[in-house]
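Novice: Given chain A's structure and the hints, the job is docking chain B onto it.
Top line first, the protein sequences correspond to chains A and B. No gaps in the numbering here: position 92 of the first sequence is 692 in our numbering, and each next residue is one more. No gaps in the numbering here: position 517 of the second sequence is 896 in our numbering, and each next residue is one more.
Source of the hints: derived by calculation from the structure; they are not laboratory data. As the structure is a prediction and not an experimental result, all values here were calculated from the model. Hints may contain errors.
Computed list of lysine to aspartate or glutamate pairs in EDC-like fashion (alpha-carbon distance at most 16 Å, straight line) [unchecked claim]: (1) A:K701 <-> B:E969; (2) B:K760 <-> A:E709; (3) B:K760 <-> A:D635; (4) B:K760 <-> A:E636; (5) A:K655 <-> A:E709.
Covered stretches of chain B (in silico footprint by chain A; criterion: 3 or more residues with CB under 8 Å from a CB of chain A, positions within the stretch not fixed) [to be verified]: (6) 742-749; (7) 760-773; (8) 877-890; (9) 957-971.
Backbone N, C-alpha and C fix where the C-beta goes; we use that ideal spot for every residue, glycine too.
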Amino acid sequence: MAVVMKAKHQRLVLALVALAALIGAGLLAASALRDEAAYFYTPQDAKTKHIEPGKAIRLGGMVVKGSLKRAPDGVTINFDVTDNKAVVPATFNGIAPDLFKEGTGVVAEGSFNPQGTFVATNLLAKHDERYMPPELKGMKYDEKSRKLTANSSPVAQP
Amino acid sequence: MIAEAGLAALWLAAALAFLQLGLVWFGLTTDKPELLASVRPVAVAQGVLTALSFALLVTLFLRSDMSVALVATNSHSAKPWLYKFAGTWGNHEGSMLLWVMVMGIAGMAVALFERALRRDTHMATLGAQAMISLGFYAFLLFSSNPFARVNPAPPDGQGLNPLLQDPGLAFHPPTLYLGYVGLSVAFSFAVGALLTRNVDAVFARAMRPWILAAWILLTLGITAGSYWAYYELGWGGWWFWDPVENASLMPWLAATALLHSVTVLATRDALRAWTIMLAVVAFSMSMVGTFLVRSGILTSVHAFAVDPERGTFILGLLALYIGGALALFGWRIGTVREGAQFELVSRETMLVVNNLLLSVILGLVLIGTLYPLMTEAFGHKVSVGPPYFDRIAGPVALALVIAMAAGPLTRWRKDQARAVAGRLLVPAIVLLLAFAVVSVLAWGRIGVLPFLGLVIAAGVAVGSVAPLWKRNLRRTPLFTYGMVIAHLGCAVSLAGMAADSAFTVEKLVAARPGGVIETAGWKVRFDAITPIAGDNWTALQGDMTASRGSGSPIDIHPQARFFTAPPTNTTEAALLTRWDGQLYVVLGQEADDGRWQVRIWWKPFVTLIWLGGMMIALGGTLSLLGRERRGWLQKLRRRSAVAAA
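With the rest of the complex left out, here is chain A (with noise of 0.2 Å):
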């Protein structure tokens, strides 16, 4: 080690040292986003598409209106998520955004269990009252109908 490099050698060297641990990291980063990415899926899609029991999802849709239960212990709700294609039952424990309403948008990250309930460990419901999430974007929801329709124009932020 007492040799000292020779100048170009040395900023090579570095470079390509940096090089190599930068495409490591790549690589690295790709492995692990295929594994831990969590995707979105609406409930038609988690119908058609078979999705691994214990895979990390995010499920977005509306609270079906009349669906929203309590059980005994007084921490669990079960609600149904519904894009008006398909239904998919879901349970959450612990304590609910206070805007996750039955007939309002949720997004709930979590994964399906063997039974094909969707166990959700957290819900994403804005504070604010106008909120959409953006993978909602493009649909509606009518009060009236209460149905969630496609919709061309994105809704508007906050």
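Specialist: For chain B alone, kept in the frame of chain A given last:
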């Protein structure tokens, strides 16, 4: 009138930035050096005008002038004055004006206080700073005018997002912005050095205090933001790997790497090109972060005023400045002469390792943050969260922390591997001891990363202090203490993170008033629910007492708050801090049968996370003071020598 004056000040400042750029340009390229004489006064005037403009906007908020659109949409006359004041930057336009003001003041500071830099480089730096400022002036004036009037004025405003109504708003955004935008100075220095072909140790010593100052503020801003999110969101988490958090972490990672590489450049005149590159990258990350936060193209858990249209404008600025700087880098870097060489076993090599690992983490975080945008282009909606970041950035960060302990124990230029190993013996023994202790206590019960985190934190804590071993403590320079404290802070913070994720106990129950909840050695008695009222909110408050062992019960009051303008609910967690952790109690919703949801966490040593963050910032401050004081002493000595001659 105030709004018009504020707008006028902003236009004037923009005009001065234009003038500043022109003066520098013609002063450096033509034979008219007298042009350069007025650059500094212009930069100072520009800084003063931006500060004036910002002060006028603050005045409008404090007076609740509802004829100004920004005040009407983001404030309310019933708000406490602190939130009227801090609400100035709790929205898009106001925060961008804050950004521009920090940029103007940073330029002013460089004009006033920078003395060590070669004159032409100093001028080119000020020109570059004016150039960046111009883009953001244009952004404010053409697409985000904070002073626009609304006619007719509404009777009252719509109010501030209640999540932001917290003392944290007064401290976190300004500190973070000072750090974010302070990095623009490093960027301008790099551009100035490239333009005037002046990259060497003297330049690095001039640039270092600016980087250090920005980095200290960024560290404080992130630490404060993390704690704010921790207690305000009520989720018991302190870092969610949310895009908005990553947006502040990425400039910090780049600035940390820059801080270490500029030290190599200043001390040993090596890593010239790399340091310049990092200076460009660091501020680029600030701009990328601002783009991510302001455009709202990524879903965030944090409350932010976003506007997708304006995101495009920032994207344009981003492309212009980053592209321009990289083009300049490519064009001029050939003229930067080769710096000094170093041996394989040396402090320089350790710092290269530091830089590589930091860059790798930066790359991983950047990829993870932008990945959802990339897949969206192909029609897949994807989110990337903690599982990715923990799994991938965690191990690299642990390796980085180990290198951090070894680096200061290695000599500059040339060292012997055996000697370094010898100096690492004690930390290594402590690490093994910690391994044994943690294994006995928690083998198989905690995750691999928290386990390694605890073990490594112990070893690294000792390793961080080791540079003081056998030294005359009174003659040890202040900046060495700074480094030791900052490195120790990293170990402390790591210990807190690992302890929190390994040993946190969570309990979620529905309880009736009068009941007792027991968890992790704590007894929480739930006495009653009382309605209370604040300035612009009402709340249901849980009256509870918490006790541990034979200790006396302490009152705690978690609240569920209801704000009227805008109508919003928030939870205010009750925090009980003890030396060995925090009890975190959240009051949820009322179940139909009169029970209330109560969520309790016992988080052992979680406060170490932010204590470590503050230690890192303190270390930076000591280092800054130490270097600066040394500069003053030398100057004094030189002066007295001149006087004596």
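Novice: Looking back at the hints listed earlier, which ones does the structure fail to meet?
Specialist: none
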